Amino acid sequence: MRWGMVIDRKKCIGCYSCMISCKQSHALPPEVFWSRVLISESGSYPTVSKEILPVLCNHCREAACVRVCPTGATTRREDGIVIIDADKCVGCRYCLIACPYQARTYHADKRKEYWPGQGITELERVGREIYPIQPRTVTKCNFCMERIDDGFRHGLQVGIDRDATPICVNACPVVARTFGDLDNANSNVSRLIKERKGRVLHPQYGTEPSVYYIE
Amino acid sequence: MKLYDWMVKPTPQTEWIERRGILLWLAFFFIELGAGTFFVATFFDNALAMLIGWLICALLGGGAHLLYLGHPFRFWRIVLRPQTSWISRGLTFVGFFLILGLVDMGLRLWAESPLALVIVTDVFAFLVVIYGGFAMNYVNGIALWNTALLPILYVVSGIWGGAGLTLCIGLATGATTLVIMIEEWVRILLIGFIILLAVYLISVRYGTTTGKVSVREIVSGRWWPVMWFLVVSLGLVLPIGVVSSSFVVGIEHISAAVLYISIFCELIGDLSMRYLILKCGLYSPLIPSSSYAVS
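So the protein sequences, as listed, match chains A and B.
For what it's worth, our numbering labels the leading residue of the first sequence as 1, then goes sequentially.
For what it's worth, our numbering labels the leading residue of the second sequence as 1, then goes sequentially.
It should be emphasised that the hints constitute simulated quantities derived from the structure, not laboratory data.
Treat the hints with care, since some could be wrong.
[As the list claims (entries may be wrong)] SDA-like cross-link-like pairs, simulated, lysine to any residue; straight-line CA separation at most 20 Å:
1. A:K88 with B:H71
2. A:K11 with B:I287
3. B:K212 with A:H202
4. A:K88 with B:T84
5. A:K23 with A:Q134
6. B:K212 with A:Q204
7. A:K88 with B:K212
8. A:K197 with A:E215
9. B:K212 with B:P82
10. A:K88 with B:I180
11. A:K112 with A:L28
12. A:K88 with B:Q83
13. A:K88 with B:V79
14. A:K88 with B:P82
15. A:K88 with B:F75
16. A:K88 with B:I287
Please read these numbers as outputs of a predicted model, since none were measured by experiment.
So that you can see chain A by itself, here it is in the shape it has in the complex:
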């Protein structure tokens, strides 16, 4: 089993729902994003082109971050999800540098508030209790592993049942994201990759990402 995601760039409208829902559900501190939407513009009027690229941790099979981590804080689970054990992280940021997708963020300061000088709000306080992110460590997307694990335990279908699906997939209003098992040839993600020639970012680095893009 290897969890993976397919993102349909043709469907994505750049609404940032994935980014915001991820930030909200994991109570991410200011300046920390696990999921992002990159929007670029090129050319000049009247031939301007706009490209939208939703990005997140690629949960690579040959993850550079796992190899370079000097403490073993970053590991890859059997199901392919790359996780960080914050208790083992020393904050050297070698993983952050080694990731060619820049999917990781160093969480420097826990005192940072969303409204500077006004103290943390009740929502921030509760969020920090539910989802404590250790300051001065590196953090990144975990494919909502708590939802997947919980759903799996309760016999739900991961990627199909909403309670067993990453929050960014659920939040996408145009169903641009699909989640499932890459090792299962009949899964929705495998079919999409095969039928629509799914591509990964920077294949030249040999990291074998688990996030595919279709056009």
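Position chain B relative to chain A; hints supplied.
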């Protein structure tokens, strides 16, 4: 860079050079300078230079490295993965070098240090000099770093800096023979460093599009004053002038103040070059088809 350019155009790494990242820049410099000094000093059996090199590596280099970490008290965990991580290997090398170096210097207080110990300590000193280059070279997302020439450049610069510092110590203590011998090392290493730096920049320039942008940033972009004033003029041209004069007239005819200034400039040039390599390390854009102008 505008917000929407991020990751769609070449994006600079910032964690190892901005804010507290400055400490890592200094850590790599002092660790390699200290180990380089120790390495050179053992060849000339100069205990004072060995001690100074050891102290630079342990206090300035090690200290800056520890301060950079988010959780310095967990530093012992760093040595747990030497099989895959260059940071882990590097800290292991530094640890062995510091312990063996201390034993070596301690033994020298009473008698000759055993040759085997001197050789093993020197091997670890050399590994300490080389590991920073390999740690950066391993990052394949940054074209400026992902070249086999980078570790070689760092080794030459570490030993060159070490030779310069040992020469300074020789001058300060009046060890004329030592100064004459080391000056030859400095001359050879300086020429080697210039050739390597040129080959390194040219090879990156013609390697990848992102590498081209990185080199352009260094030589003619935002950072050109650092490159041409600090690295080239101060760090290379001035020392070349001094070593050329000493080659012609003999080092004993060169004023000590000129030699001190030359070595100080050499170290400033080395430090500046390392800054540029860290600062201009760019990631390739995520969408290769995206157009970004490269002239």
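Outcome of the hint check:
Restraint check for K88 of chain A and H71 of chain B: satisfied, since their Cα atoms lie roughly 9 Å apart, inside the 20 Å limit. Using a Cα cut-off of 20 Å, the hinted pair K11 of chain A and I287 of chain B holds, with the two alpha carbons roughly 17 Å apart. For the hint linking K212 of chain B to H202 of chain A, the alpha-carbon distance of about 18 Å falls within 20 Å, and the restraint holds. Among the hinted pairs, K88 of chain A with T84 of chain B is consistent with the structure: their alpha-carbon atoms are about 17 Å apart, no more than 20 Å.
A distance of roughly 16 Å separates the Cα atoms of K23 of chain A and Q134 of chain A; the hinted pair therefore holds under the 20 Å criterion. Restraint check: the Cα-Cα separation between K212 of chain B and Q204 of chain A comes to about 18 Å, which is no more than 20 Å; the hinted pair holds. For the given pair, K88 of chain A sits about 38 Å from K212 of chain B by alpha-carbon distance, which is inconsistent with the 20 Å threshold. The hinted pair formed by K197 of chain A and E215 of chain A meets the criterion: a straight-line CA distance of about 8 Å does not exceed 20 Å.
For the hint pairing K212 of chain B with P82 of chain B, the CA-to-CA distance comes to about 33 Å; that exceeds 20 Å, so the pair is violated. Of the pairs offered as hints, the one joining K88 of chain A and I180 of chain B is violated, with about 50 Å between alpha carbons and a cut-off of 20 Å exceeded. With a CA separation close to 11 Å, the supplied pair K112 of chain A and L28 of chain A stays within the 20 Å bound. For the hint linking K88 of chain A to Q83 of chain B, the alpha-carbon distance of about 17 Å falls within 20 Å, and the restraint holds.
Distance restraint check for K88 of chain A and V79 of chain B: the Cα-Cα separation of roughly 12 Å lies within the 20 Å cut-off, and the hinted pair is therefore satisfied. The straight-line distance between the Cα atoms of K88 of chain A and P82 of chain B is roughly 16 Å, inside the 20 Å bound, and the hint therefore holds. Proximity of K88 of chain A to F75 of chain B is assessed by CA-CA distance (about 10 Å); at most 20 Å being required, the pair is judged to hold. For a cut-off of 20 Å, the pair hint linking K88 of chain A to I287 of chain B is broken: about 34 Å separates their Cα positions.
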